[in-house]
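Whole structure, please, built from the sequences with the hints as guidance.
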Amino acid sequence: MGWDERDSGGLWRLAYALKIGENHLRDLMDWLEEIALRDAVSIHEILSRPDLGRIETDPRLGRADKLKRIKEQIRRWRFPRLAETEDDLRKRIHELKLHPDIRLSVPTGLEGANLHVEFNASSAHELKRLAARLMAAADQEPVGDIFALLSGDRVKDGRLSRD
Amino acid sequence: MQIFQPEEVIIERGSEESPICRNLRNALPHVPFRIVEASHNGDAARAPEAFGAAKRKLLVTRHRGEFLKKCPGSEGQVCCNYFVINFASNCPMDCSYCYLQEYLAGNPALKVFSNIGDLLREADDLLSRHRGVFFRIGTGEITDSLALDRYIGFSREVIPFFAEQPNVLLELKTKSDCVDGLLGIDSKNRVVVSWSMNPQRVIECDEDGTASLDERLAAARRCQDAGYRLAFHFDPIIDYCGWEQDYARLVEQLFATVDWRRIAWLSMGVLRTTPDLKRAMRARFPRSRLITGEQVLCPDGKLRYFQPLRVAMYRKMLGWIRAVAPTAKVYLCMESKEVWQQVFGYAPSCEKDLGNQMAPHF
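Protein chains in written order, with the working numbering: chain A, 6 to 168; chain R, 2 to 363.
No lab work stands behind these hints: they were computed from the structure.
Even glycine gets a Cβ: it sits at the ideal position worked out from N, Cα and C.
Incorrect hints may have been included.
Stated by the list, open to error - Stretches of chain A that chain R covers, calculated by requiring three or more beta carbons in the stretch to come under 8 angstroms of a beta carbon on chain R: (1) 37 to 48; (2) 85 to 97; (3) 111 to 118; (4) 146 to 156.
Unchecked claim - Calculated lysine-lysine pairs in the DSSO-like style (CA-CA distance at most 30 angstroms, straight line): (5) Lys76/A with Lys279/R; (6) Lys76/A with Lys303/R; (7) Lys338/R with Lys73/A; (8) Lys96/A with Lys338/R; (9) Lys24/A with Lys279/R; (10) Lys73/A with Lys279/R; (11) Lys279/R with Lys71/A.
Written as structure tokens, this is what we have:
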């Protein structure tokens, strides 16, 4: 796909302002090209969206945070259903209100459909306490939702369903 | 179907007297033939445009390695214990998603191998040494099994041999409707003719030079009527707005055309690419939207639709298939045990398990 002057100028300006490295730049270029192709819009139009402008001009954010958020936003546009599923999973994990020493996570890109559970214990007592909390959490509705999301049960009519 | 005709046939010295070459000369009297010395590689080059250009000339050469190989499958994925015979390399058709764009990038010449006698000797050696083992062997791994058949007559050279083997099914996998050469041969139930299936919309956008859906269905029906067993591969299944209607209709059309009880197996696989293949696709098919799917990198290095999405797609496909063909054998191509479990509720314990399921009446 050809980049016209406005497209390449838009990305160059962003890359220069945020000192974007080669790997990040390659990801962004691929995603932008693919969004443009899929949605029949120009790369310049994508880069001019207010969502990106707000991040870029947010005085509370440093350069690295701006880059992280801009990349995250463009990834969301590129992978909307994946991003939505990840949001749902995060929400369900949050709803479990687990002890800070217990961490639940899912694989990158959701490949493997496994829930990763991590916790640290410095004594047998602590281990029992954390395990008991985990056992209690396993019976809660959000855990069922998490596995339903990971196993594709919530994809209806080609769209992800929240219910 | 757009009839492929090579601009030129290049024959490596030593292959002039082969049955393949003789068939070609008879079938293509108006196409120029050129004899070259051995080791000619079809004017190979690595540029993306070279891949397309290589499809326009046909090189006839001896195969110097082994013809029969175990299908490499994909690392960590459930394998269906399949063997492949590479009787040709590259394909006259031009699907935008074709993995050969990456796999044959350094050697893209459209080749057909002339030493079929060696191929049959190798197959005979394997099959006769292991009579207690059932083999599924396919010829459509790095080429289309039938797209060149009207010129090279490969099927009529090999089917009589495989028809006499008690422990094999030979699968001829195609996107063409070139089945005329098969119809008069008695395969004795040892040959499965199979089609890669996609809705007409996908065929038009991304399967250049292939038979239309109606042509594939008509060809399948002719093969069924001639006594062949059939197989169908819903692969690659493409995710796009409206895919459900199109694929549900595809399944409906298929079962309205052929008797599902004559179907040896059905497979499903979603679109798979790699970063390198995507680069080739961008260069050669810049308007194809296939690269815009929500694919993520999997542990085997391939990009697939993210797992919850593709599992949902497989389940829908399986539901449409099962509604008509409740006991047809359905398997997944290049998928993990986790995905099998989520789609079917079980995963094959090992590759032999899956391979044996595909060996009816053995």
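Query raised in the report: Going straight from one Cα to the other, do Lys279/R and Lys71/A come out at no more than 30 angstroms?
Result: Holds, at roughly 29 angstroms.
Query raised in the report: Has the given pair, Lys24/A with Lys279/R, been kept, meaning a C-alpha gap of at most 30 angstroms?
Result: Status holds; Cα separation ~27 angstroms.
Query raised in the report: Holds or violated: the stretch 37 to 48 of chain A covered by chain R, criterion of 3 or more residues with Cβ-Cβ distance under 8 angstroms?
Result: holds (count 5)
Report task. With a cut-off of 30 angstroms on the C-alpha distance, tell me whether Lys73/A and Lys279/R pass. Result -> Status holds; Cα separation ~25 angstroms.
Requested in this report: State whether the coverage of the stretch 111 to 118 of chain A by chain R holds or is violated, taking the criterion as 3 or more residues with Cβ-Cβ distances under 8 angstroms.
Outcome: holds (count 6)
Query raised in the report: Lys96/A and Lys338/R: Cα distance at most 30 angstroms?
Result: At roughly 28 angstroms apart (the allowed maximum being 30 angstroms), Lys338/R and Lys96/A satisfy the hint.
Query raised in the report: Do three or more residues of the stretch 85 to 97 of chain A come closer than 8 angstroms to chain R, measuring C-beta to C-beta?
Result: holds (count 4)
Requested in this report: Please work out if Lys76/A and Lys279/R have their alpha carbons no farther apart than 30 angstroms.
Outcome: Holds - the C-alpha atoms of Lys279/R and Lys76/A are around 21 angstroms apart, at most 30 angstroms.
Requested in this report: Would you mind confirming whether the straight-line C-alpha gap from Lys338/R to Lys73/A stays at or under 30 angstroms?
Outcome: violated, 34 angstroms
Report task. Below or equal to 30 angstroms on CA atoms is what counts here, so check Lys76/A against Lys303/R. Result -> holds, 23 angstroms
Query - Within 8 angstroms of chain R (C-beta), three or more residues of the stretch 146 to 156 of chain A - result: holds (count 3)
When held up to the earlier numbered hints, the structure conflicts with hint 7 and nothing else.
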